[in-house]
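S.K.: Construct the entire structure; sequences and hints are all you get.
Listed here are the chains, written in short residue letters.
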Amino acid sequence: MKVLKRVLGAVALCLGAMVLIQPVHAEENLVDVIKKRGKLQVGIGAFVPWAMRDKQGQLIGFEVDVATKLAKDMGVQIELMPTAWDAIIPSMIAGKFDMLNGMSITPQRKEQIDFTVPYAISGQGVTASKQLASKLKWPEDYNNANVTFACRRGIAACKLIEDKWPKATLRQFDDDAIAFQEVINGNAHAVISSEPKPTFFTLKNPDRLFKPTAENVSNGEDAFGMRKANPAMMAYLNDWIGKNKDWIKQRHTYWFKTQEWAALVPQ
Amino acid sequence: MQTSSSGPRVAPRKSSRSRWDWGWLDGLLLLTMAIVIGFLVWRTDAVFKYQWKWSGIWPFIVRFDETSGRWVTNLLFDGLLTTLRLAFWGILLAGVIGTVMGLARTSQRLLFRLIGGGYVMLIRNIPPIVFVFVFVYFIASQIMPVLAIGNRVQTLPAFWQSTLAVLFGPVRMIDNFMLGLMCLSVFSGAYVTEIVRAGIQSVPASQIEAGKSLGFLKLDILRFIVLPQAWRNVLPPMAGQFIQLIKDSSLVSLVSIQELTFSAQDVQVTTQRVFEVFVFVAVVYFILCLSLSRLFAHMERRHARALK
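Top line first, the protein sequences correspond to chains A and B.
Going by numbering that gives the first Met the number 0, the first residue of the first sequence is number 0, and it counts up by one from there.
Going by numbering that gives the first Met the number 0, the first residue of the second sequence is number 0, and it counts up by one from there.
It should be emphasised that the hints constitute simulated quantities derived from the structure, not laboratory data.
Keep in mind that a hint or two might mislead.
[Unchecked claim] Restraint ranges, calculated between C-beta atoms of paired labels, are given here:
no., chain 1, residue 1, chain 2, residue 2, range
1, A, LYS38, B, LEU155, 10 to 20 Å
2, B, ARG293, A, LYS256, 20 to 30 Å
3, A, LEU202, B, PHE47, 13 to 23 Å
4, A, ALA144, B, TRP57, 37 to 47 Å
5, A, GLY37, B, ALA305, 52 to 62 Å
[Claimed, not checked] Computed list of chain A residues with no C-beta within reach of chain B, every gap over 12 Å:
no., residue
6, LYS34
7, LYS38
8, ILE59
9, ASP64
10, ASP85
11, SER90
12, ILE104
13, GLN130
14, GLU161
Keep in mind the model is a prediction, meaning the values are calculated, not measured.
Note that CB positions come from ideal geometry on N, CA and C, so glycine has one too.
M.R.: Here you go:
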C-alpha cells in the first residue's frame, strides 16, 4: 500500500506540473504581441522562387520580400523561420511562429488555420515524360490506373491530382526535385507543381519532358495563414495587402516573370 | 564492433607470412568486386538519366566572401556544425539520462524501477519519427516557452553569449537547437538505459557482496566496483548506440531543426542538385560515424590493456 500511495503521489505531482505549465497559449492580440516582442516570426518553406538560398546562404525570394516589407511596415524586425513544408501548419499551431506566407488557400487547410485575402495567384502546371506519355491525350487519357503522377507531399497539387484523375496512381515525394526526376527517368508519367517550375524543367530537359498543355491545370490563390481566431491580426494583414497591392504585383513580376535573379543563386 | 582484444590472447605468430600477405583469393575477390561495382555504375547510368553537376553545391559548404575578402562557412558547413553539437551534447545528455534511469531500473525500490521501466517502455515502443512529432508538438511546445532559453541568453553579457554560441550555435537559433537536443537525448536515453541496466546486471553479485563485507558505502560500491566494470562490459553496445544517435539526429530535421539534413534539403530545393547533395551528406555522416567507432575501438583496446 505504501508503494501504491507513493506512485499515486508521483502521478499527482506530474499532473500538477503539467497544469502549471499549460496556460501559455491563451492568445491575446497577436499584433500587440509582435510589436511588444519587436520581432515578426514567419514560417517559410523552401520553394523556388518563393523562398530559396542565394550564394551567401541567405534566404531570398518573393515571400522573403513580402515578409521583410511587412515587418518593416509594422516597425519590427523580421525573423524568417525555415520550416519543413509538410509540417508547417502543425508548427504554426504549436506556436513556433506568428504566421506563414504564400500558402494556397484550400478547404482542407481552412479547417485548421485562417487565411487573409489572397495577394498572389499561383498556377499549378504540368510536365510529362516524352517516353511514357507522348501518345496520351490530355487530360482524359491520364485518368487510368496505368498512369503514375508524381507530386511533392503536402502541396495543393497532390489533392488536385486525386480529385481530377482519381484512377491514376499518385506517388508523393518529400522533395519537388525528386518528383521531377522520377518523370525524367521515366518512372512516372507526369508531375504537377507550382509554375514556373514545370515550364522551367521542360525547357531544361527538352529530350525527356514535354508539356501536355501550356495552360495551368488550376489556379490557386496565395495568402497569409495564421492561427484561428485572431481578428486583430487578420484586419491588420488584410489592410496591409490592400495598401501594398501594386508593390506586391511588381515583386511578383520580378520573381515569377523574369530571370534577373538567376545570377544570385548558385547553379 | 568485434575489434576488441578482450578474448583469449594468442601469442603473435612467428611465421614470415604477415596478416596482409597477398593470395590468389584476394585477387579474385577484388576482381569480382570491381566487376560488380562497374556493372552497377553502368546500369545506373543507363537507367538513371541524370546529369551530374557538382559545382552548385561547393559554395554552400564554404564560399569566398568578396566584401570581407575571406573564406566563410555556408549553409552545409553550419548544418554540419549543428549536427556535431547535437551529437556531442546528445551523447553526453543521453549518457546521463541513461545512467540515472539505468540505476533506477536496477534499484531495490519499486518506485524507481517503475519510473525507469515506464520510461523505457514508453519510448522503445514508439517509432522514432512518431516520437519526434509527439514530443515536439505536445510536450516541448509546453516546455520551451516557459524555459524561453533564447530570450534569457540574449540578456546575458556578451562574453557568455559568445561562449554559448561556440557551445550551442548562434544565439538566435538556440531555442531551435535545444528543442532538437532535448528530443534526441530523451529518445536515445531510453536505449542507453537498457544498455546501462545490462551492464550493471553483468557485474557478479559476489563483487557487491565483497564490497559490502569490506565496509564500502553504497555509493562507493557503485563508484568503485559496479560502474567501472559495467562500463567496460557495455562499451561495444554503447558505441553502437552513440553512432545510432548521430544518425538519428537527422530525424529532427523533420521538425525543422537546422542540422545537416535540413540544410541539405534547403540546398537541394535551391540548386535542384538532389543527388549530389545526398551523396555529399552520406559521405559526411559516414566519416562522422566511422571516426566515432574508431574512437570507441581505441577505448576498448585501452581498457583491455589496463586489465592485463
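S.K.: Next, verify each hint and record whether it holds.
M.R.: Against the structure, the hints come out as follows:
| no. | hint | in the structure |
| --- | --- | --- |
| 1 | A:LYS38 / B:LEU155: 10 to 20 Å | 18 Å, holds |
| 2 | B:ARG293 / A:LYS256: 20 to 30 Å | 54 Å, violated |
| 3 | A:LEU202 / B:PHE47: 13 to 23 Å | 21 Å, holds |
| 4 | A:ALA144 / B:TRP57: 37 to 47 Å | 44 Å, holds |
| 5 | A:GLY37 / B:ALA305: 52 to 62 Å | 57 Å, holds |
| 6 | LYS34 | 16 Å, holds |
| 7 | LYS38 | 10 Å, violated |
| 8 | ILE59 | 9 Å, violated |
| 9 | ASP64 | 16 Å, holds |
| 10 | ASP85 | 9 Å, violated |
| 11 | SER90 | 6 Å, violated |
| 12 | ILE104 | 23 Å, holds |
| 13 | GLN130 | 9 Å, violated |
| 14 | GLU161 | 24 Å, holds |
Checked against the numbered hints given earlier, this structure breaks hints 2, 7, 8, 10, 11 and 13; the rest are met.
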